[in-house]
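With chain E fixed as given, assemble chains L and B onto it according to the hints.
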Amino acid sequence: MSERAAALAHQFDDLGQQHQAASLGMWVFLATEIMFFGGLFAGYAVYRSAYSRAFAESSHHLDIILGGVNTAVLLCSSLTMALAVRSAQLNRRRAIVLFLIATMVLGAVFLGVKFVEYRHKYEERLIPGPGFHLEAPQAQHAQLFFSFYFVMTGMHALHMVIGVPMLGVMGWLAFRGRFSRHYYSPVEMAGLYWHFVDIVWVFLFPMLYLIDRAG
Amino acid sequence: MSGHVVSLKTYGAVFAALMALLAITVGVAYVQLGRFNVVAALTIAVVKALIIILYFMHVRYSPRLTWIFVSAGFFWLLILLSLLSTDYISRDWLPVPAGWEDAR
Amino acid sequence: MSPASVRQNYLNIKFGAASWLLTKDHKRIAILYLISITLFFFLGGFFAVLIRLELVTPPGDLVQAETYNKLFTMHGVIMIFFFLIPSVPAVLGNFLIPMMIGARDLAFPKLNLLSWYIFTIGGLFTLTAVVNGGVDTGWTFYTPYSSTYANSHVILTAVGIFITGFSSILTGLNFIVTVHQMRAPGLTWTRLPLFVWANYATSLIMVLGTPVIAITVVLVGVERLFKVGIFDPALGGDPLLFQHLFWFYSHPAVYIMILPSMGVISEVVTCFARKRIFGYSFVAAASLAIAVIGFLVWGHHMFVSGQSPYAGMVFSFLSFLVAIPSAVKVFNWTATLYRGYVSYDAPMLYAFGFIGLFTMGGLTGLFLASLAVDVHVHDTYFVIAHFHYIMVGGAVMGYLGGIHFWWPKMTGRLYPEGWARFAALVVFIGFNLTFFPQFILGYMGMPRRYHAYPEEFQVLNVMSSAGASILAVGYLIPMIYLVWSLRYGRIADSNPWHATGLEWQTPSPPPTDNFEDTPVVSEEAYAYPSRDREVHVV
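Protein chains in written order, with the numbering used here: chain E, 1 to 215; chain L, 1001 to 1104; chain B, 2001 to 2538.
The shape of chain E in the complex, shown without the other chains (with noise of 0.2 angstroms):
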């Protein structure tokens, strides 16, 4: 009972009104992350539809099993993270942490692979910039493929940099028996983040690995 009082913010009523308003306050977020990440894809799309052969060549360049599993890794990641969010409805304190835990590790899977993908583009001189080097007849255009490329990953990948130590707070707060199933709206605040992040990933594949891979 005590334990309620305590995680009750003096501004709120009640822990009902404090976590109803958590909710919206982070579906407000997303909101802005949507248009954040929506600038991104409506400059996209203003571009593959001007040069949708160049960006076609561009997209076969990227590796469609590792983006392929990655986005398994995510989908997995967000089902783990779901059910940290359940075992916090249903206080069971262990079981939160381990799933915290394997979102993380799948989280840095993820991370390692994307490294991995950039690396070889390192390799093969498609980083965007003077050192771009493709031997194609609409190199410029392909460029921007590049350039979109960069900048959309990236910045997902930034998503998921801020998201794993955030999910490693929530973990050992769990830990820490902070949370009970009347109060673990941190929890379900980092899930929603997460999932959000996975939801980005879930456009950003189709959208840069399988454009025109028919031939």
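Hints listed in this document are in silico derivations from the structure and should not be mistaken for laboratory results.
One thing to keep in mind: the hints can contain errors.
[To be verified] Listed below are the simulated DMTMM-like cross-link pairs for lysine to aspartate or glutamate, each with C-alpha atoms no more than 20 angstroms apart in a straight line:
hint, chain 1, residue 1, chain 2, residue 2
1, B, 2014, B, 2513
2, B, 2227, E, 124
3, B, 2110, E, 13
Leaving out everything else, chains L and B in the frame of chain E:
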């Protein structure tokens, strides 16, 4: 304050659906559908996003206000994309003066 | 009631820098913002002074062209991002919204404090750019100049704007959740003060628009830093894509700047006409309509940019539509005044100024929204006059009116009314002398952003610069008497204006938790006694 607890069965079903849709996305990409490849890819992505939002993010069990906030975010992105496209779609509807074709 | 000097309130409950810099009290955070934006206002004003000094004579003889480019860029960047956008929401909104809805604080007090720190850090980045030589791209940062060719501190300024954008987003987020979740019992949406409606609508814009400019400046920064082409025509990039993304935010941004001031006017007009607002639901709906339609019109900044003329037609039509809710508000304020019991205290003088000058600014917006007229006046002083009528004649006057109206509540002191009315008059006269000639100059063809101009434009330019010096005096006078009043002003009681609204039901200055007990609301907003009924009784 406990919210609705989603069953393991539901989560399992959603996860299976997501993996299946991933396989379909990759598979369809290798089928020549012309302009519909993009439509197919986007549709599948939207479906995946929807089930993540409804089930993993609990929106299915959330108050109506939450639904409104979620929809507003995507709706605003649609505003950006659609009005932006009015320019790019109609850029070459007007004839270009002679000698200026390269400017396009 | 015990004397103000003895009674505990949010100002005297704790002293010391730490109690201010680590506060979670929305009222103290509002004061922190007040100090910051006032400093930025005078810095932005300083650049305006230099601009008007240069323009007294036709040749560019005060500063070089490159320097002049930096002057108008810094003036725009500072005034827009570091003064106008935060002004009413971060100062008056932060202070008043919890009080107006009967809450102890905003939904997320720590995020509120964070938003001020983010604002300050972003401001420091931009100040660093100023001190190191400034930016010369214009506040609009058009590519490929800003992304490829400019030699000035584009990235530093862009980072400053990027960071400050998050301050805006956090404020908007806080307001939205607060208004949804923390209204007092009995306070339905249809009983909310219109100031709350206006700030709610503004918050929608802040939250949905700001992220787009954030990603846009990121792309410009990436293009500059890594020499990649995103907006670079040499690489097949489209400079217009930058303009689309930039204006997608920056047009709604002007509604961020005007809507909250409109909210102030609704509060001031009802109080000083002692009358209910005419058409409450229309005014509330108009705020939302402005917020939504405001997102659909950005292409009117690009009529002559190379954008498709068909897109231009769409944007022109939508721009005519967005004028309608603004007009509704002006009609309703005017109808509120009709047969009201009007008094002319300083806040009301500012409100009158707002209504007239905003109307002129808004009507000239219709000139600009017409494709054919815009071809003639785009990039001339006509545009500059148009937006200054709205931003300075409208937004700034609304802000000053609000500061005066709620000054007793925030500080527990009354400002000297005589000086305040005098200053309001000086501001009004100075403003019109500064900016009306600019309509004529623009129509006659004087381009904007030029430090030199043909001889025949000199008379009007001298008038404009003379007006600017009067306007500057008009802004300095309140600075002096407001600070003076903190020590020597008459003590104010809880409701010196006898206004309706929950914020007036609590002492001036308020206690930290705003209310002793959570108020219960049973009346509509602006429940001023009806005059007809009074006459009837007699």
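Exercise. Hint by hint, which ones does the structure fall short of?
Worked result: Violated: none.
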